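> Modelling step: build the complete structure from the supplied sequences, incorporating the hints.
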Amino acid sequence: MRMGSGSSRGLLPSTVAVARRAAVSVGTVSRVLNGASDVNAELRRRVLKASRELGYVPKTPVKSIAVVVEEMHPQQPLGYVTTMVMSLIEELANHGYLAEITDAENLNHVRQARVNGVLGVVFDERIVSLREVPRLPIIAINSSMMLEHGIHSVSSDHFQQSRLAVEHLLAKGHRRIAFLETRGENWGSCRRLEGYRTTLEAAGVAVEESLIAYTRNQPVHDALDMLVRKGATALVNFSEDSALEVIHILTNIMRLSIPRDISVVSMEDLPVFNYLSPPHTVVVQPLKKLAQVAVEQMLRFCDRRSGSSGGELVDITLPCSLIERASVRDLTRE
Numbered sequence: 001m002r003m004g005s006g007s008s009r010g011l012l013p014s015t016v017a018v019a020r021r022a023a024v025s026v027g028t029v030s031r032v033l034n035g036a037s038d039v040n041a042e043l044r045r046r047v048l049k050a051s052r053e054l055g056y057v058p059k060t061p062v063k064s065i066a067v068v069v070e071e072m073h074p075q076q077p078l079g080y081v082t083t084m085v086m087s088l089i090e091e092l093a094n095h096g097y098l099a100e101i102t103d104a105e106n107l108n109h110v111r112q113a114r115v116n117g118v119l120g121v122v123f124d125e126r127i128v129s130l131r132e133v134p135r136l137p138i139i140a141i142n143s144s145m146m147l148e149h150g151i152h153s154v155s156s157d158h159f160q161q162s163r164l165a166v167e168h169l170l171a172k173g174h175r176r177i178a179f180l181e182t183r184g185e186n187w188g189s190c191r192r193l194e195g196y197r198t199t200l201e202a203a204g205v206a207v208e209e210s211l212i213a214y215t216r217n218q219p220v221h222d223a224l225d226m227l228v229r230k231g232a233t234a235l236v237n238f239s240e241d242s243a244l245e246v247i248h249i250l251t252n253i254m255r256l257s258i259p260r261d262i263s264v265v266s267m268e269d270l271p272v273f274n275y276l277s278p279p280h281t282v283v284v285q286p287l288k289k290l291a292q293v294a295v296e297q298m299l300r301f302c303d304r305r306s307g308s309s310g311g312e313l314v315d316i317t318l319p320c321s322l323i324e325r326a327s328v329r330d331l332t333r334e
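All the letters of the sequence shown, read from the start, carry residue numbers 1 to 334 under our numbering.
Everything labelled a hint here was simulated from the structure, so no lab data went into it. These figures come from a predicted structure and were not determined experimentally. Check the hints yourself; a few may be wrong.
In silico DSS-like pairs for lysine-lysine, Cα to Cα no more than 27 Å straight-line [unchecked claim]: (1) Lys49 / Lys63; (2) Lys63 / Lys288; (3) Lys172 / Lys230; (4) Lys63 / Lys289.
Have a look at this one:
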């Protein structure tokens, strides 16, 4: 009896059988099933359809990317780091890759594990030490300072984030605009502060150092109390992992009305912001797009087996946007 292209004698289907049914080469089957990004969409569809019809399950090792995280706060599940990491996990899964979440304190795990690359959601330079691992592509997310250390960068425009927020408040007649951040030493915070200063100065508004505060080394309440006592009429809240805490303290503890007593522009469009009273104006960085671009770039490195030590450095910056709602008082109408 002549054998067909399937498994007529109880044999498991092979890549040869999948190739015959899809009318492609065995090499194309291999590249599709291994997640190569440079395969024609129609060929990919035919290979996947044929493999499903034949019940072919490739025996391939699990491909994984290390996602190195500086810190995650279980008590603040809606913060930037958690959202960014979840977006990366989803995007990697869409391409058949496993995300191995690793704390920045435990980089030896990355050195010992057989990962295909590293995506860093970090605020300092510890992942630079991973450049010693041969042929290991590394991409830093929202940390463009890594470029000077030979590490690829995908980030959102942090300077623009401040510019959008401050320009919006200036247009509403505010001049005493406070700036609240988590920390002052990392790349993103420095770019935001630069955007804040530059935008105020361009509008002829003097920058008051007393209206700049950080929550890293002091309670959020103390920082807000100081800014309010200094006469701030508006707050640019870039302390994104404490966004809801800031709003809670202003309204429920300090008994201030938003926007009557103080206007607020927050960072990230958390789902809850649209349902607060009033709904909050926010600056949005495209976190899902950041994850998509970072993963696609990583897969290109993996496909050609080059990375942090090969080719030109990648430096991609994505624009941000402002969503206007009702948390800013319009002083120009008074």
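> Evaluate each hint against the coordinates.
Evaluation of the provided hints:
For a cut-off of 27 Å, the pair hint linking lysine 49 to lysine 63 stands: about 22 Å separates their Cα positions. Between lysine 63 and lysine 288 the CA atoms are separated by roughly 21 Å; this keeps the pair inside 27 Å, and the hint holds. This hinted pair checks out: lysine 172 and lysine 230 have alpha carbons roughly 20 Å apart, not beyond 27 Å. Taking the CA atoms of lysine 63 and lysine 289, the gap is about 22 Å. The hint holds against a cut of 27 Å.
The structure meets every hint from the earlier list without exception.
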